[in-house]
Amino acid sequence: MITAGPFGHETAAYPAGLEREWLLTDGLGGYAMGTAAGVLTRGYHGLLIAAARPPRARYRLLATVLTAVRREGEEIPLWTQEWGPGVLHPAGGLHLFRFYLEDGRPVWEYAVRDLRLEWSLVLTRGRPAAVLRWRWESARPCTLVLTPLVSGRDHHGMGSPEPEWRWGEDGFGARSATAPLPLAVRVPGARFLPGPVRYAHIYYRAEAERGLAPQEDLWAPGHWEVALPAGSGTLWGAAWADPGEMPPPEAAFAAETARLAGVTARARARGLPPALGPAADAFRVAGADGFPTVVAGYPWFTDWGRDTFLSLPGLALALEDGPAWARRVLEAWAGVLQEGLLPNRFPDAGEEPEWASVDAVLWFLLRVWDIGRLLGAEERERFWRALLPRLDAALEALMAGTRYGIRARPDGWLTADGEGVALTWMDARVGDWVVTPRRGRPVEVSALWVNALAARERVAAALGVPSRYGLEADHLARAFAGLYVRPDGLGLWDVLPSEGPPDPALRPNQLFALALPVRLLDAEAALRTVRTAQAHLFTPLGLYSLAPSQPGFRPRFTGPPAERDAAYHQGAIWPYLLGAYVDAWEAAAGEGRRVFRELEPALAAHLQEAGLGSVSEVLDPTTLAGRGCPFQAWSVAEVIRLWLRYGIEA
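Mapping the sequence shown onto UniProt numbering, position 95 (from 1) lands on 95, and the numbers just tick up by one.
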């Protein structure tokens, strides 16, 4: 089933096609990614980016395969690449007449006189391997010329030395000094002609826009020549990054296309836009040790604690075996609890986990309750009984005090006073500058704390286990409004510092006080809160991280890393916050369905833009263009959850 597009020449080729990106994943953290136009615009684009330590330590190995057609002595390129700002050559995009995603799989269709050529690819599930397919129909014979471009480097890097080559009759092997993984590529039935060539100064416009090094050289080991007879036929190729044998191309392609079709069909059967099935599936990964987790976003994020737990309900509802898979994710993460905290993230390069997060563990505690409710009775009881000691240990550590100044105050509220760290989801740093420090009692952390205590109480009650947390949760819930409701009618204070006046910044964090299960506000305060968000923070694709009227608002999310980090939580629009926004309207006025109906056209349109079939990490606060990761887990998961909860027909 077509899940994005079809896009004709005007919207698939240059320039519009450079802004539309596709993604495939292998379930190990590896991926393939590119543009509808076939032009590499990021250093992350490639046909095989494989994880050396799944789902981390990823290396870009096969960048692309350049396609040309030779007939009657004339060679006609079907590819285009940018070599400098606006300098595109050759003009192969002129022959691209259609591009679309079929069940998330990219398909390009080219026309050269009487020749029709379609090419597509899949990644094999659970193995770092890509399968390539070309299909043709032509009235006259011709020759297909295929030139692979190789890059053996960390996917975050830029530039690599020429690899060591191994030649074969129908392919080659490559080993780079800057990548621990081997690469092998074969096109059975084709003749490989060795002849290494350097393709110098390939330009990536998206990296230039991000203020990063935008150019590198890629390496061609030679090329294939394939005689295509008149009529129609299929040509197969495969690339893989492990010591094993070539995956059987036709069978591997059929297996993965069938799997993706099933993912799409499940989404459609649930009433979701079909594209959201493959979108959700992309984030579900397993480590080399079987550790099930969630990649926070493609192409550059690994697995983050907060993002994983926020994403679980939506992903669990969309995926086959979703609740049982989410249970295994929570059980795996429970095994890395330390001193009441869960990792903020596992770095790509293999360093120790980063622990600077006050809210990751609170989201975890809530999700133990939420996911347990999706399980069958016997499985639910086993799950809760196994994790209850972990919940208690986490709560006791938080109450006693742990790292980063995180502790329970004498009045029962959780506070996070660590200096020089950013402990909430607004965690951007520029060097030693914490852009949005929020020290003390951030409003959403206090709401999460009450709800975490209440979730522990509900789990204990369901198991018939005594608990002392219910009274504490009730006490704090009754006290919340008196502390956080602003006297000026603009919703809630964003932070209550340990010293000094409340932080009056107008931010979306206050919405979690309504979106979470425990009632913390009366009807009047609840309505004022959602109306404040609507008036000052809302857009149809997400919420401003800081209201445009506020001091410190950054109107653009672009430029070098320091400029983007300074705007990350000071203006950038976040689609995942639509979940809290719609739920808050439901809690305040019973209007969640109405509010979501108003969002649906914009969300449906966004699925055909930026990261095709997916939802962006952030949007530029002025242009509303997708920014950050084009494929973001919690953005997709919250849109799925809203679509299912509020019953909008796909």
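For the record, the hints were derived by calculation from the structure and aren't laboratory data. Even for Gly, the Cβ is constructed at its ideal location relative to N, Cα and C. Treat the hints loosely; a few may be bogus.
The following label-pair restraints were derived from C-beta to C-beta distances [unchecked claim]:
(1) P90 x D289: 31 to 37 Å
(2) G420 x P188: 30 to 36 Å
(3) G464 x P601: 47 to 53 Å
(4) T539 x E250: 45 to 51 Å
(5) P188 x P85: 37 to 43 Å
(6) P196 x A604: 43 to 49 Å
Checked hints:
Restraint check, P90 to D289: a C-beta distance of roughly 46 Å breaks the suggested window 31 to 37 Å. A hinted range of 30 to 36 Å for the beta carbons of G420 and P188 is inconsistent with their spacing of about 57 Å. With their beta carbons about 48 Å apart, G464 and P601 fall inside the hinted range of 47 to 53 Å. Roughly 46 Å separates the CB atoms of T539 and E250, a value that falls within the hinted 45 to 51 Å.
Between P188 and P85 the Cβ separation comes to about 40 Å, which falls inside the hinted range of 37 to 43 Å. Range check, P196 to A604: Cβ separation about 47 Å, and the 43 to 49 Å hint holds.
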